[in-house]
Amino acid sequence: MIRSRFAAVLGVLLLFAGPAFALSSPSEMLANPVLEKRAEALGMQLRCVVCQNESIEQSNASLAQQFRGIIRRRVEEGWSDKRIIAWMVQRYGTFILLRPPFNPMTWLLWGAPALALLVGGAAVVLARRRHPTSPEPLSPAEQQRLADLLK
Amino acid sequence: MIPELGHFALALAVAIAAAQAVLPIVGARARDARLMGAAPALAVGQMIALIAAYGCLIWSAVVNDFSVYDVAMNSSSHEPLFYRITGTWGNHDGSILLWCLVLAVCGGAVALFGRNLPSALRARVIGVLGIVSAGFLLFTLTASNPFQRMWPPPIQGAAINPLLQDPGLAIHPPILYTGYVGFSIPFAFAVAALLEGRVDATWGRWVRPWTLAAWCFLTCGIALGSWWAYYELGWGGFWFWDPVENASLLPWLTGTALLHCAIVVEKRETLKTWTVLLAIATFSLSLCGTFMVRSGILNSVHSFAEAPTQGVFILVLLAITIGGSLALFAFRAPAMAATGVFAPISREGALVLNNVLLCAICAVVFTGTTYPLFAALLHMELSVGAPYFHLTVVPLLVPLFAAMSVGPVLSWKRADLLPALLRLWWAAAIAALIGIAAEFGLHRSFAAAGFAGAAWLILGAFAEVIERIRLFRIPLANSWARLQAQPLGVWGAAVAHAGMGVTVAGIAGMSLAMSTIVAMTPGQTIGFGGYRWHVLDIRKVPGPDYTARVVDLQIMRDGRQVAVVHPSLRTFTQQKQTVTDTSIQTNLLRDLYIAPGGEQGGKMVLRLHVNPLAAFVWLGALVMALGGALSLIDRRLRVGAPARRGVVGVPA
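These protein sequence lines map, in sequence, to chains A and S. Here the working numbering is used: the first residue of the first sequence is 1, the next is one more, and so on. Here the working numbering is used: the first residue of the second sequence is 152, the next is one more, and so on.
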């Protein structure tokens with residue numbers, strides 16, 4: 001799980017991190033560790049459509065098992081990641097993507113962090129402008145007294 | 152007979168709650184001392200009635216009274232006594248009754264511990280709690296009555312879901328609910344303040360300990376849930392960004408913001424309207440967390456299947472509670488003016504930044520969790536999973552963590568940033584060194600950044616204490632004397648912040664986790680992650696209500712035995728369900744985690760994980776809660792607030 005976070009955050013640096021979690025038997029794994037890692041990384045991004053909120057790498061459902069097999073075959077056949085994902089989306093819809101695509105329907109979703117910060121920042125600025133709440137700066141006499149007290 | 156008594160006690164509680172909802176608030180408005188004086192008695196009465204009702208439910212489960220529908224569906228005489236008791240809240244009807252019980256206990260606590268509250272404020276607070284109680288108790292009585300009888304009773308009950316038959320999960324709901332429902336007290340104080348049209352330092356002083364207590368429970372509850380997912384679900388992960396998990400995280404985020412704001416109200420009498428809004432938002436999110444998820448609106452592995460009528464009832468209750476309090480806020484909030492002033496660079500300013508960031512994270516998690524719901528309304532199917540949350544939440548966490556260590560060393564009202572940063576140079580230097588060393592040692596940037604962040608948080612947490620005792624600037628003996636004079640509240644804040652650092656270290660460590668899947672026969676040995684894993688035997692062992700296939704696995708390192716563990720697959724005979732019983736061998740610095748996956752042709756499939764610093768994830772949460780508890784027992788917070796002038800009322 002945490003590996004997927006790792007992979008997501010540093011997707012560019014380390015594209016293919018993430019161990020398999022739910023393979024029901026070792027025989028499912030590809031012999032080539034590089035290809036296996038790619039297949040796992042792909043599987044972590046795809047949702048098991050039978051159970052909720054689990055990637056096909058984590059799911060025990062037989063459908064997820066089939067998907068794992070399909071992805072591993074495609075990887076072995078030399079398909080690119082993009083092509084495999086596009087192929088899966090074409091067959092099963094965007095629902096299968098755990099990481100939603102960036103399109104007009106999801107602008108609000110992906111823009112949420114920036115929007116939340118903007119709204120929060122604007123609220124703070126407006127509140128301060130409406131009630132100017134900054135304290136007066138210390139006068140030289142006050143500063144002198146403060147310096148004396150702190151000695 | 153006993154279930155009928157429970158049923159009667161529940162009905163009695165509804166009646167008392169209805170009186171509690173009306174009389175004190177009317178009394179406070181009319182300044183009628185007798186009506187206001189009734190508030191504590193009603194709150195305590197409701198609490199006693201619900202304790203009796205819940206006691207009857209537990210009794211029915213303990214004596215295996217299967218004529219009670221709820222017991223028949225969720226308990227069985229083959230289960231150990233402990234799980235028969237905890238099974239009463241492991242289902243929908245019972246868990247809602249428990250929720251109501253905790254709410255009533257909150258009301259009772261305000262009545263019993265709030266003796267020196269101004270009587271009008273106390274009457275209003277208890278009245279508001281009564282309104283919430285009345286609604287949800289009415290729901291329990293009419294739509295989800297746990298005392299419903301069934302005839303003829305079955306000879307044997309259907310037993311609890313095996314996944315829930317686990318000590319961690321058994322105590323999870325009471326702790327989590329205490330956290331969720333505990334926020335009803337700040338909520339009631341906020342609504343009472345809006346009714347009264349006044350928020351002042353006294354109010355802040357009262358709200359803060361209740362908020363802190365609820366926050367501690369919620370922190371523990373979330374950690375316990377995450378820990379359960381780690382060892383019981385068997386994926387080796389600890390946070391799945393599941394709607395149920397997110398629903399508990401949302402009130403925690405706003406609750407954390409509220410906690411910090413209440414300090415500002417108490418010390419500086421500013422940010423008042425914002426604090427009131429946060430109190431309302433936190434309890435609203437708690438309500439949503441408990442009921443939206445349970446109603447099955449959001450897809451989740453945890454939700455109980457529900458009848459649609461119950462969902463509508465709950466939605467109406469939520470709309471009234473949340474909508475009503477927000478409407479009241481819109482009308483009355485402008486009347487409350489801030490008195491304290493502060494510069495942008497100051498402790499208050501830092502707390503405003505903390506609030507903006509925490510609320511932004513909350514907004515992002517909320518958006519991500521509910522987006523599929525709204526997309527479905529537009530006939531678009533999409534999923535929002537872990538990759539989305541990682542990409543959006545982590546960038547917001549970075550400035551939050553950076554500011555967490557700086558805020559406490561700033562002074563109230565106005566501060567200079569540069570001297571404050573200079574006071575932290577050593578923490579920054581050590582954190583940077585750790586980060587660089589980790590990067591060169593591990594070649595994993597996420598983990599290295601995580602360790603640096605953890606060091607920054609832990610060291611920075613104690614910077615304020617070091618500043619207060621003027622370490623190395625005055626003689627050590629004087630520093631020692633100052634150290635002993637530090638109030639517990641200061642330690643509490645430092646420990647809680649350090650706890651966050653411990654959790655961050657755990658998350659960074661977990662990003663280095665390794666795992667593999669092997670099929671092994673007795674006598675076989677493999678090497679993985681620097682350890683030798685040797686299967687001694689695969690046995691069949693009978694349990695109280697299951698049979699288990701147990702693997703005896705010896706783990707060795709450098710020729711020496713590290714541990715012998717016994718993970719198993721438990722097949723529950725009655726429920727015909729197989730549950731993985733994982734084995735975790737921890738020395739706190741790393742977990743060896745073994746989950747059996749099933750047998751294939753005489754071989755046992757095992758998933759082996761080596762999880763560095765896994766225990767730190769939950770340990771950090773415990774440390775955070777400990778920090779909260781330290782603040783709670785601080786004498787300054789326990790001493791009652793001075794009685795206010797000009798308030799009409801009678802002592803209780």
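Check before you lean on any hint, since a few could be wrong.
[What the hints assert, rightly or not] Some residues of chain A that are not near chain S, with every Cβ distance over 12 Å (derived): (1) Asn-32; (2) Arg-73; (3) Arg-74; (4) Ile-84.
[Unchecked claim] Straight-line Cα separation of at most 30 Å, BS3-like style, residue types lysine-lysine; simulated pairs: (5) S:Lys-418 <-> S:Lys-564; (6) S:Lys-727 <-> S:Lys-691; (7) A:Lys-37 <-> A:Lys-82; (8) A:Lys-37 <-> S:Lys-564; (9) S:Lys-754 <-> S:Lys-691; (10) S:Lys-754 <-> S:Lys-727; (11) S:Lys-418 <-> A:Lys-151; (12) S:Lys-564 <-> A:Lys-151.
None of these hints come from the bench; they were simulated from the model. For every residue, glycine included, the Cβ atom is placed at its ideal position computed from N, Cα and C.
Consistency of the hints with the structure:
No beta-carbon of chain S is positioned within 12 Å of the beta-carbon of Asn-32 of chain A; the least distance is around 15 Å. No Cβ of chain S comes within 12 Å of the Cβ of Arg-73 of chain A; the nearest lies about 19 Å off, and the non-interface call holds. Against chain S, the non-interface label of Arg-74 of chain A holds: every CB pair exceeds 12 Å, the least being about 20 Å. For Ile-84 of chain A, the shortest C-beta to C-beta distance to chain S comes to about 16 Å, beyond the 12 Å cut-off, and the non-interface label holds.
Taken as a hint, the Lys-418 of chain S and Lys-564 of chain S pair is honoured in the structure, with Cα atoms around 11 Å apart against an allowance of 30 Å. Straight-line distance between C-alpha atoms of Lys-727 of chain S and Lys-691 of chain S comes to about 17 Å, which keeps the hinted pair within the 30 Å bound. A distance of roughly 15 Å separates the Cα atoms of Lys-37 of chain A and Lys-82 of chain A; the hinted pair therefore holds under the 30 Å criterion. Distance restraint check for Lys-37 of chain A and Lys-564 of chain S: the Cα-Cα separation of roughly 54 Å exceeds the 30 Å cut-off, and the hinted pair is therefore not satisfied.
For the given pair, Lys-754 of chain S sits about 14 Å from Lys-691 of chain S by alpha-carbon distance, which is consistent with the 30 Å threshold. Between Lys-754 of chain S and Lys-727 of chain S, the direct Cα distance comes to roughly 22 Å. Compliance with the 30 Å bound is thereby established for this hinted pair. Proposed proximity of Lys-418 of chain S and Lys-151 of chain A is supported: the alpha carbons are some 26 Å apart, at most 30 Å. Proposed proximity of Lys-564 of chain S and Lys-151 of chain A is supported: the alpha carbons are some 21 Å apart, at most 30 Å.
Of the numbered hints given earlier, the model fails hint 8 alone.
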